[in-house]
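Asker: Sequence:
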Amino acid sequence: MRLRKRKIYDLSPDEVFLDEKEIPGLSRERREGMIEKPISREAFLTFSIILLFFGWILFGRVFWLQIVRGKELEQRAESNSIQTLYIEPPRGIIYDRNGKELAFNEAYKDDLGIIRYRRVSRHPYAFSHVLGFVGDISSEDIEKEGRIAGVPEIGKSGIEQTYNDILRGKPGKQDRELNVRGTVIAEGPMIQPREGENISLTIDAELQEAFWKTFDDTVRAHDFLGGAGVIFSINDGEILSLVSVPSFDVNAFSRGLEPKEAKEIFSDGRAPIFNRALSGAFAPGSTIKPFLALAALEERVIDPNRQLYSSGALTIPDPFRKGAVSRFGDWRAHGFVDMRRAIAVSSNVYFYTVGGGYEDITGLGVSRIKLWLNRFGFDGTTGIDILGERAGFLPDPEWKKTAHPENPIWRIGDTYHISIGQGDVLVTPLGIARGLAMIATGGKKITPHLLKKNVPVVENYLPINPVNYSIVREGMFGVTRPGGTASSLGSFPFSIAGKTGSAETSAEQRTHSWFIGYAPYENPRIGIVVFLESGPRANSVGAVHVVSEIFRWIQEHEENNILVR
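Residue 1 is where the sequence shown starts when you use UniProt numbering, and the numbers rise one by one after that.
Please note that a few of the clues may not be correct.
As the list claims (entries may be wrong) - Derived DEER-like restraints, expressed as beta-carbon distance ranges:
{"#": "1", "residue 1": "Val62", "residue 2": "Gly172", "range": "38 to 46 Å"}
{"#": "2", "residue 1": "Gly413", "residue 2": "Ala333", "range": "14 to 22 Å"}
{"#": "3", "residue 1": "Arg411", "residue 2": "Gly256", "range": "50 to 58 Å"}
{"#": "4", "residue 1": "Gly483", "residue 2": "Arg552", "range": "18 to 26 Å"}
If you're looking for bench data, these hints aren't it; they were derived computationally from the structure. No residue lacks a Cβ here, since even glycine has one placed at the ideal position from N, Cα and C.
Turn these sequences into a full structure, and let the hints guide you.
Answerer: Here you go:
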């Protein structure tokens, strides 16, 4: 068989392209799917722009992560493998003035085996308002104070709150390296926690316990709603005892309140959490009279030796009822009394007269009464180093217009009422204690304080004629003498000067009971304020009973040197 030799032809590229005309029925779309087609300039530019756009996005993202946030992300990556263990510091110990522990720490292990500290008070009820309690840091605390790693608790009230920055200490820490399974593979050096600073208070622990127990027993036995008291150094403002009743178990907050405990405390209508000594403002009753007497002497409203007659009431014409009279009662008919005697027997008629005026005596009037009570600090706070202090309140005609639009006119009866500590005048037990110190010391303005400090006392005085101070002090000494309203206090071997007071409350047939005083009368060392809230009007036992009991305790515990300050 003969083989035919195949010819080899050269083809140009153009010859491979189909000619649409040569193949009838072959559409352009089918033809373009079967053969190559050159890319147009427009398509090339569009593709290049898109590629460039996404390239810039990628470059920007890399720049942001590597350059801008590189350090942050590096630290975050390290934190995924490095864990910091914080070690809670023990809080500083709180001592009384004699070095006795008041609040300390009890160590325990939590569920993870980490050592924690529970705050413990040796006098959980007597010191509940003074020391206060600690608790877990809340979101509100973080907003105010900021979060501190390794410090899970913060002082919530009392000294624990006021001096929290000093007491809380500085946490320790240790860095640990973990693998992906969370296993510790390396540990850094341990930085030990630093204990909080210890502090000493001016409080005498034994006196505090005795004062609180006397209050608590009296309130329970004689149906008072509550009470508050302060015993203090008359010359430098050191608080020796500060109590508020009812109180609460401060240790219950440290160990964690059970639901039943929480309900008992927070649903109690007597408000045991409330610190009546510095946050409660009450009508002062007749304890305001010595201050009004000083104002009257300074303003020369009356001669201290002039005698006014008390028949048991003061009557004035009623401006709204023709022929009728308005009667303002005294608690009894005292007969003729001068200023000293009026203080000793607490004559309302006398102080109606020097306060609001009567017959030929003009009286101080509401403006001067307010001016002088402000000078004694009744409208402000004392500056005590514990949070939560409230200011007193002194009404005036402008206030009445706003507060009582249904009866906006200030009348002489309103002035009479504030002249004996009734009406809308309010004071705190701590606030009136500061005023008492001014009378006892001849005008020295003390700042009550709880932290024991070795700093000189800055002495500022309220400038009043020393003779006028003496007249008022003599009247207050008469209170504890025969015929005075607290004559039972005259039996002690040391002399006591003071002033009793009772004030009506909004509750029917119930009154507050007050006593303010100092001892010894000749050389004042300590001041005392006792307030019993809303007891039955028929009570024969009140503030004077508490004062008598605590002074008896002081007498029996001379080794405490309470009267030697």
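Asker: Which of the numbered hints are not met once you compare them with the structure shown?
Answerer: Hint check: nothing fails, all pass.
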